[in-house]
Every structure is written in structure tokens, then in C-alpha cells.
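A.B. asks: Residues per chain are reported as follows:
2 protein chains.
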Amino acid sequence: MRILIIEDNPDIAANLGDYLDEKGHTIDFAGDGITGLHLAVVNEFDAIVLDLALPGMDGLNVCRKLRDEAGKDTPVLMLTARDRLEDKLAGFETGADDYLVKPFALQEVEVRLDALFRRGRRKTSRELRVGDLQYNLSALTVNRAGMDIELNPIGLKLLRCLMESSPNVVSRAELEKEVWGEEMPDSDSLRVHIHSLRSMIDKPFQSKMIQTRHGIGYRLVESDAISA
Amino acid sequence: MRILIIEDNPDIAANLGDYLDEKGHTIDFAGDGITGLHLAVVNEFDAIVLDLALPGMDGLNVCRKLRDEAGKDTPVLMLTARDRLEDKLAGFETGADDYLVKPFALQEVEVRLDALFRRGRRKTSRELRVGDLQYNLSALTVNRAGMDIELNPIGLKLLRCLMESSPNVVSRAELEKEVWGEEMPDSDSLRVHIHSLRSMIDKPFQSKMIQTRHGIGYRLVESDAISA
DNA sequence: GTTGCTCGTAACGAATTTTTAACGTCGGCA
DNA sequence: TGCCGACGTTAAAAATTCGTTACGAGCAAC
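Chains V and B are the protein sequences, given in the same order.
Quick note, the first sequence lines up with residues 1 to 228 if you use our numbering.
Quick note, the second sequence lines up with residues 1 to 228 if you use our numbering.
Don't take each hint at face value.
It does not matter which identical chain is used: a pair holds within one copy or between any two.
Said to hold, decoys possible - Capping the alpha-carbon separation at 30 Å, the derived lysine-lysine pairs in DSBU-like fashion look like this:
1) Lys-157 x Lys-203
2) Lys-65 x Lys-203
3) Lys-72 x Lys-203
4) Lys-65 x Lys-208
5) Lys-157 x Lys-102
6) Lys-102 x Lys-208
7) Lys-177 x Lys-72
8) Lys-203 x Lys-102
9) Lys-177 x Lys-157
10) Lys-72 x Lys-157
11) Lys-23 x Lys-72
Please keep in mind that the hints were generated in silico from the structure rather than gathered at the bench.
Computed from a prediction, not measured in an experiment: that's the story for all the values here.
With the hints as extra help, turn the sequences into a complete structure.
C.D. replies: As C-alpha cells, this is what we get:
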């Protein structure tokens, strides 16, 4: 874990730095706000420990500029002697992630930094991709070659099933179960929905990504090259 | 923001719940550890406030089981009277994200919860913005193109949820849970509230930021350009 | 009490999706 | 080649979902 300590008191900085170094982290120091902000913007730290009383530039301003002007979302742990409520609120207001009042235990700093780091490692939005076709699972949107495509609920389910299995064949039975579960419609409406899905996915692009395997099912392939 | 409060003291729970509700959040309660763990596992909360002294199951165990057995990474803010260092370390050890010692200020709880939530969504601001629409989370005010807009509590919650997810689609189930938590109304009043929200957000500006995805949900977009 | 506001409920037409039905086409097989 | 089942296509019916309006209960301020 790479940590930046912005603190003008050399004793505190050295003390904290040594402790975190012992714990296996990599530490960088800044003795004033301007240097600290610069380092924070230029480098990629996993977390920043920020003192509020700083020469050059106040800690609150460092945090605000980091967030608003540099657009960095590096986790920030504020460290200060000010324990009044409004100070804390002001700290969080500027975009801090945690706020610890001096005097503090070194161990507490470390576990709080750990907690920030854990939370920072989060999975991003899931997305399926086959060729130039993209399916954003969290936004429930589909786009192909930069063009957004709005699909029905059933169209989305079918496409998802096909994309997850691509380039393998999916049997009609599987597709039907995916869409309707156990209670399927009386007639064979899957054909109709495949047709309308094709009209959205393939027709505007004059391609044939959705292929039919006669008597077996359907499959989705990147190119429309036909392989027997 | 959907929050679960696990706290056996009814006074504290009600006090905190009322405060957070006023701030535009949706609150669910659990009076003991078992119920709390169950709710936390089954539902998707944005954050959990967890008391450590609980009947049924200790708060530390609740957190541990939530993380290890259920695999949930919902942000957890521990709330307790124990202020010894080893208690704090034990709290973070079980996977807590923050640790606040009683007595605490209600405002501090809120800003800390908000910081946890922001971190989860990689946001660093107390203000939401989509196009020319702005939502100040601190003042609970909305304005568009310089015009202030006064919204109902429900309208605020809906808009907040839509803005946080923008431009992704939010299912009606998600919106309903965001507004009413577990106790939903019998009828489908979401449509009515969407309508009144539109009359405030879109109608005066002759735009269509709030779009309907038939059979899927709603989404908020910057422009009303329709992409096919 | 009165006023004003919010909220839940109900109702109904409009819009969209889904199902059904009908018919033409294609592919494998004797 | 000719048959038959599986598939593609289209149109219309049926079902679902949505937008809108209206009304009354509940509640707080006055």
C-alpha cells in the first residue's frame, strides 16, 4: 500500500512513517500543503494522511483542490488536533473519507487506512462483449459500433443468454427457460422474439451475428462468417 | 441512500432514524443481531449502522458473518460506547469501515455515512449534478439552470436515486425500496410520484430528462436526445 | 376548526410489449 | 424431386405497463 503523509511536524511524520513502513507500506512525505498537493496529483497513492494545520496551504484547501480541481478520488484521512464538530463536518465537506483527532494511536491510523483501502478496491460495472456488440449489465443498455440500442425486457434476456454462451450454440429450450422460466407461453413465440431481436441487432448493420442451427438452436458470433 | 440501523436501544434508534430520515434517507431497523444480519444479507443497503452491544448476536459477530459467510461488502459504521484501542482494532478487524464512539453527534454519523457511500461510488462531492440539474446533499436543495426547485421528501429521494445512478436505468423495485424501504404501499403509487417529479423537473423546462424504459424502469439523462 | 400540503388509492385511456395466429420459406431426407 | 417439420415474417389480438387526473385521509401550522 502506497501512502502519502502530508504533515509539517517532523516528529509526528517520522513516527507515523516509521510505523507504517514497518507494517509493510511504502511512504512518501510532504512537509507543506503545496508540495503535498503536487505529489498527490502527480502520483497514484492508495491513501493520503493529511494534517490540517499546514504551512503554505491549509489542509482543507489541499483536499478541496485535490477533489475538485485535480479530480482525484484518492482516499484521504484527515489528522488534526481540532475536535470540534464543525471542524469535522468541514473536513468531510471538502471530501475527506475519515477524520481522526490527535492524539491518536498509530495502530488506529493503520486500521483506518486499511479500511479505506479495502473499500477502494471495488469491482467495476459488469459488461458483456462480443465483437462490436456491448451489453452493460448494470445500465441495462446495449450498443453496437457506438450506436445505442433500446431492447425490450425479453430482448435483453435473450441477448444476454446468447452473449454469455457465445460462440456456443444455445438450444431453444434453454432460451425459453431463460426468458419464461417454467411457465412458457402456449404457442412458439420464441421465433417472433428472435426475429425482433435480429431486427434490432443485425438488420441495421446488415450483419448476421445471430445464427440459426437448424433443429438445434441459436448462437451469437462475432463475424457473420458461416462455419459448418 | 438506504440505511440499516442495528441497535437495541429504541431511543437511540428512533433518534438517529428520525434524523437520517429528515436528511432524505430511507431507514430500516433491527433490534437485535440476528434480525439485523438477516436483513443485511437479504437486502441491498447503502450503509449499515451497527451497535456492538446487541442481544441475540454480538455486533462484531454480525459484521464478521456478514463479510465472511454472506460475502457482503456493504459499508459498516460501528457505533459503540467502548473506546479502548483494542475494541476499535477488533472492530476494523471484523471488516468495519468506520468506528464511532458514543456519545456522538447525529451530524457526524451522517457525514461519515455519506463519506462511506461516496467512496463506494467513487464520488467525492456532497453535490450531485446531471446536466444543468444540481442536487445539494447538504442543504437538500435542488436547482436547475439557476432556478430553485422545491421538492417533496419523496421527490427528493427519487431524484437522488436517479441522479446517483444516472445515466443507468433504475428498476421500479429499486426505486420503491429506496423510497419506502421494506414497507411499501399496497398500490402502485410510484407512477404518481414520478409524474409529480416530472412536473417539477421536466415540465417547466420542456425537457425529458426522466425517461421511461417500458417494463424495466426509469433513468435520468442529461439531454433528451433519443438514441436508437 | 380551518387551511394547506403531502401522500396513498383508484380509475381509465394511451402506449408499449407480448402472445397468438396465419402463411411463406428453407433445409434435411427418402 | 417431393415431403415434412422447423424456421422467418407479418399482422393483429391480448396483456401488461404507463401517464394522468381526481379524491379523500392524515398531518402540521395557524
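A.B. asks: Could you work out which earlier hints the structure fails to respect and list their numbers in ascending sequence?
C.D. replies: 2, 3, 4, 6 and 8
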